[in-house]
Structure formats: structure tokens, C-alpha cells
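*Asks:* Okay, here's what each chain looks like letter by letter:
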Amino acid sequence: MRANNPPETAGAVDTHRFFPAWVADLPPLLGPTKVPLIAPATMLVLLAVVMAFTRGDFFSTGNLRAIALDASIIMLLGVGMTAVITARGIDLSIGAILILSTVVFAAALKDFGLPLWVAFVLCLATGAACGYVNGLLVTYLKMPDFIVTLSTELVFRGLALVYAGGAVFFGFPDFVKFIGRGRFLDIPMPVIISVVVVVVAHILFAYHRIGIRLHAVGGNPVAAARQGVNVVRYRIGSYVIMGLLSAVAGIVLMARLDAVVASGAVTLLLNTIAAVIVGGTYLFGGRGSIVGTFLGAWLLAVVSNAVVLLGFEAFWQHVAAGVVILITIGLYSRRTARLDG
Amino acid sequence: MAVELRGISKRYGQVLALENVDFTLERGEIVGLVGDNGAGKSTLMKVLSGAVRPDSGSFAVDGQPVNPGNPIGAREAGVEMLYQDLSLVDDLPTVMNVFLGRELTTRFGFLRFGEMRRHAQGIVDGFSVRGFSVTQPVGQLSGGQRQVSAIARSIGFGSRYVILDEPTSALSPNARQEVVEIISGLARSGIGVVMVSHDLATVRQICSRVAVLHLGRLAGVRAMTDTTQQELVSLIVDGHA
Ligand SMILES: Nc1ncnc2c1ncn2[C@@H]1O[C@H](COP(=O)(O)OP(=O)(O)OP(=O)(O)O)[C@@H](O)[C@H]1O
Ligand SMILES: [Mg+2]
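Residue numbers (the working numbering), protein chains in the order written: chain A, 1 to 341; chain B, 1001 to 1241.
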């Protein structure tokens, strides 16, 4: 190696002289890969400002609470989906996993009279097991993620319907209702649960070995395997987390409605993928952001809320959401195009 | 003290990429591995690094048998590899590529990023390739900077054997000379180096031995002192001298 390095390269990284040394030693705060968070953040701020001027009650506590509740389910599912997509997969079966695991919960409680905690454990275990099945099929049988999860969506949903038929389970214990409708420090429980999940996920994604390896597995699986990363374990793991979080989202949804309907939860999948992609996670793997998914979930929730507040029919929510997704993606597609050209 | 491959064969469908190949690398020596395109050089080196499991043959490091086809096993035995395709994750910065699979972490797996950054930057700054920050995604680096990132990963961990598959292909004459000096330095410090290269001049300049592959077979191994350019060329082209 040469001894006579140009001095300017030697100190190139020590630019944080106003901060204590450990600050400069932190990993990049928003995550290991560069994700265009500026697009969803701008859209969110823009929409909020416009709404604040047109509808004074947009920033009322009640309305903010409604938006947060709306965003919380998508945040839970979005965190799992961000992990799966970052690892170069996709899970189309989340709606079915959500339904199947809540049907298991309801059946355990109502049909088998099992204790509440057992019902919770069975519910979460069902979600994780469904994810594990997806992961096994994708990795060991080397089938495309899209095909596998499209098929298991039908299988899981079918199983729920076979058991429950058109029946509706309702009238759950108070603790379940507290998860859906209770508040802590005036914040709805679903919001607390989903924000905790987001924070933990971000910490693992950005500051932990797991996050780095997940990005590597999605970005260049061959390189990751050569460096000794267990690619199969990470891919299966991402599906298990997704299944587990689908079950958690199922619990929250069931608790809010105080009901389980085996034929529900069909629009969640597209909204979840939309939130993840709007948040800047790259659809084909290797680049993901939990912060982006958080912003994406809120953006979609604010759009739905705005449509209702402005007095349009609820069906316009879909149109508005589609347009906002296109604008947001358009914002950062143009940005990357500029960088390349 | 050596890495030893015995009777290695590897088939890809119709192609017999390697046929009963023996290869030895002693510590402290630099061996050149040459051969035409498709001769099997990269495949042989991937067997050495554990990235490819051979159909048959044995693999031992310093007398200890190593489970073939296991990159972690090979790395733990002290073998480190620079892949011809560089094997980088484009979206991750150089520092995370260098440490991928062996991140410095706290007891609970949280990244000790500052330490990793300083270590990686230190290695990279040893090259005069236009200085770059190891926190930049490697996808944004120049071809030479990418190659330096990949080289940093293969020399930065005190391994005993280093495999370099075309280490200088993307480098300017200046940077190539630095890599040549690094390789010589590694050998002087007791590390065994294999260098795959199409650049016979460089091979003749720094290698003490040269092995020639021809259509998956070992066409010959020569000490650099008793072979000629002429002989090497006919081994490469015809498979015999
Ligand atoms: N993963 C693979 N799948 C199928 N065939 C392969 C694979 N890897 C190598 N081969 C074949 O094995 C043979 C040897 O390839 P290898 O990459 O080892 O050659 P090489 O000597 O490194 O060539 P070059 O000088 O072009 O790098 C070639 O015919 C190649 O097509
Ligand atoms: Mg090659």
C-alpha cells in the first residue's frame, strides 16, 4: 500500500466535529440503503397543510385519532411486507393469514372454550406457521413467491371458510375489546401497538446485523451466500415475521370490530403493498425502509380521511389513493432519473 | 502448511468444468492460475473458497480436511476470496460489503458501525484510486473503486490464504501496480496467494509458480524460473507444450 496518500482522503469522514464521537459512529439513521423518503414525506406534509386550511377540524384530536387508527393496521402489515420485499419476496396471502389466525382465535375461545391466553398463543402460532409454510415452499421448492403466496392465499382463506362458513364470531371478552378500543394516555391501543412494532422493526432494520443481512439477501443473494449469510433462513424468517404480524393485525382488527368474519379483509393486501412501495422500498428487493412504510401507511390513511372530510362519497377514496400513489412514485422516479442522467 | 485440492471434478450439465484437478498452494508463495476463457479457473477457485461444491475430490487446509462447498468453513480455515464478478451488494455501502457475514457487533448483534467504518476506510485509503468514502453505496462507485472495495474485503481479515480472481482487470496501470505490490506484501508476510489472470506479464513478474488449465484439465504446473512465455502460451492454447 502507498504511504504517500493524499491527505484530504485520509480525513474525509471526520466531518462530525460538532457532535460527540459516538454520534459519528452510529450507522446511517434511516437505514443501510438509500431510499427516497423525501417523496412520501413531502406528500404527507403537503396534504396535511392543504387539509389544515380547507377543514379546520382536520387537526382535531378526534380526527387525528381516526387517521391513526386507520394507519395502524397497515403499519403492522407493512412492517412485515417491508421485510419480505426487501429480501426479494412478496406475500399475497396476508389477508388470508389474518383471517385464518383470527378464526382460530375465535374458535379456540368460543367453540372449544379455551382460556384467553391460549387463544392468543394459537392465533399467533397460526400466523407464524402459515408464514413458515410460505417460506418453505418458496425456498426449498424454489417456486416463485408470487405463485406460492397466491396459492396459499386460496388455501388459508379456504380453510377459514371451511371451518367458519358464513358465521360471524362476536362478543369477545373485555380485554380483547380493550386492545381494539382502549386508550393509554389518550392514545388508542392499536396505535400504540403498531408504533411499538414500527420502532422495534426500524431498530432491527437499521442498527442490527439482521437488517444488514436482510438487505444483502434481497440485493444480491449469491454474494450474501458467498459471504456466509444463510439466505434460506433469512427468506423463511421474513415470511414468518410477515405471518406473525398478519396475526397481530388480525387481533387488532377483530378487537376493533368485536367480530371475526371469515370472508373479510380483502382490500388490506393492496393497501399494504401500496404503503410499502410509496414509502420507497424497492419492489424487487435489496432496498427497504421501515420509516418509509410508516410514512406510506399514514399517507394512505390521510388520503382516505381527506376524501371523507371533504364530503365526497367513500368510493372516491380509491381514486384518490391511486392518484396519490402515482404522484408519489412519480416524484422519486423523476428524482432517480435525474441522478442517472 | 498448504491448501490442497485433490482430484476435483465439477460438471455443469453438458460442460465438464473441472476434471480430476489437483492444486496446491503453500503459505508465502504466489501462484498464477492461467488458461483460456472457460478453462475452469473461476470454478476451481470457487471450490477453494467453498462457493462451489465439487462433484468429487477432497479439500484440506494445513492438513485438516475442510467440508467442500461451505463458504463459512473455508473462511474459518483461513481462505479468503476475491470473486471475478466482485460479488458486491450494490445498494449497501463498501463498509457493509466488507463486513457482510462477519459484522462487528455488540453482544446483542447491534452494529459497531464506527469501528467497521474506520477499518474499511483505512484499507481503502491505502490505494491511490481516487479516494472515496466507504459509506457510499458500491453501486455508485467507479469500476476501479468497486474492485478496490472487493479487494479490501479479501485482504482485510488476516486470512492465511487469499484467492484473487482477476484482481486487476478493472484497474488503471497505476492502481494495478499497487495491487501487485499488495500481493507481494501479502506473500512476504506469509500468506499464500493464488492469482487468476489473463495478464501473463504480471503473472511472470510476481508469481513463483504457474498452473495452467485447459478445458477443465490441468495442462501443467511450472516453476516460473524454468518456463518460457512460449511454453505457457502453448499450454494455454493447446493444452500441451
Ligand atoms: N454456474 C454455472 N452454470 C453452468 N455452467 C457454468 C457455471 N459456471 C461455469 N460454467 C461453465 O464452466 C466452464 C468453466 O467456467 P469458468 O468460469 O470456471 O471459466 P474461467 O476459466 O474462469 O473463464 P474466464 O477466463 O472467462 O473467466 C465454462 O464452460 C462455463 O460456461
Ligand atoms: Mg473466470
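Just so you know, the hints here were simulated from the structure itself, not pulled from any lab data.
No residue lacks a Cβ here, since even glycine has one placed at the ideal position from N, Cα and C.
Take the hints with a grain of salt, since some may be wrong.
Claimed, not checked - Here are some of the chain B residues that sit facing chain A, going by a computed Cβ distance under 7 Å: (1) Met1001; (2) Leu1005; (3) Tyr1012; (4) Glu1103; (5) Leu1104.
Stated by the list, open to error - Some residues of chain A that are not near chain B, with every Cβ distance over 10 Å (derived): (6) Trp22; (7) Val197; (8) His208; (9) Ile210; (10) Leu331.
*Asks:* Among all the numbered hints in the text so far, which are the ones the structure does not match?
*Replies:* 1, 2, 3, 5, 6, 8 and 9
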